[in-house]
Every structure is written in C-alpha cells, then in structure tokens.
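Q: Residue numbers (this note's numbering): 104 to 197.
If you are wondering where the hints come from, they were derived from the structure by calculation, not from laboratory data.
You can take every hint at face value.
Keeping only pairs whose Cα atoms sit at most 25 Å apart, straight-line, the calculated DMTMM-like set for lysine to aspartate or glutamate is:
#1 Lys107 / Asp170
#2 Lys176 / Glu150
#3 Lys163 / Asp134
#4 Lys189 / Asp170
#5 Lys189 / Glu150
#6 Lys189 / Glu143
#7 Lys156 / Glu196
#8 Lys107 / Asp134
#9 Lys107 / Glu143
#10 Lys163 / Glu188
#11 Lys163 / Asp137
#12 Lys156 / Glu172
DEER-style ranges, computed between Cβ atoms:
#13 His114 / Tyr197: 17 to 27 Å
#14 Gly165 / His119: 32 to 42 Å
#15 Lys107 / Arg127: 27 to 37 Å
#16 Glu128 / Tyr160: 28 to 38 Å
#17 Tyr160 / Leu132: 15 to 25 Å
#18 Thr166 / Glu128: 36 to 46 Å
#19 Glu128 / Leu168: 34 to 44 Å
We put the CB at the ideal spot given by N, CA and C, even for glycine.
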Amino acid sequence: HNVKCGVGVGHMAGVHVGDSISRREFLMLGDPIDQVALAEAAASHGEVFASPKAISYLAKMGTVLGDWESDAKYGRPTRIAVRGEKRFNPREEY
Numbered sequence: 104h105n106v107k108c109g110v111g112v113g114h115m116a117g118v119h120v121g122d123s124i125s126r127r128e129f130l131m132l133g134d135p136i137d138q139v140a141l142a143e144a145a146a147s148h149g150e151v152f153a154s155p156k157a158i159s160y161l162a163k164m165g166t167v168l169g170d171w172e173s174d175a176k177y178g179r180p181t182r183i184a185v186r187g188e189k190r191f192n193p194r195e196e197y
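Produce the entire structure from the sequences given, and follow the hints as far as they go.
A: Following this line, the structure appears as structure tokens:
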C-alpha cells in the first residue's frame, strides 16, 4: 500500500555475475538506473516521479500536466501520478 516509483529512460546492460553452483545474480547497469533512483527519491508514498529525460520522451507522446518544463530545466524529477490522479495523458496512437 505504501509504494512509490521512479521512471527513467535510455540504454541499459544486463550482466550475470557469479556461477551456477554457489551464487548467481543479474545486474542492470546504465544511466536509466541512476535516473530511477533520483526520481524515486523525490516521490512520496503513492506517487510516481519521472526523470527529466523520461519527461522529455513522455511530452513527445502526450500531455504532461504541471510545471514539468521548469523541473526539466533544473534537472528535477516530475510527478506524473499520485493515488487517484494521473498527470500524464498519452495521445491515442500510443
């Protein structure tokens, strides 16, 4: 019930670390991981925040409500959803 989320965008790499006997982990690496961490840190429970790079993609695909341009200018994540309210509306073709 107390979930918060961050959204990032870009290229990532996945790497298997370890062996099949003792321990195996899968790591995701890349700039989107840093974006997600920044956006998630800005969110409170029940909110979804997107990184400035993710917002630039979302703005091309629909309408982002709020002062996202100011947030992007200063490198701040933007809230795109909160319980019961969405702040991004995709165009029909998406």
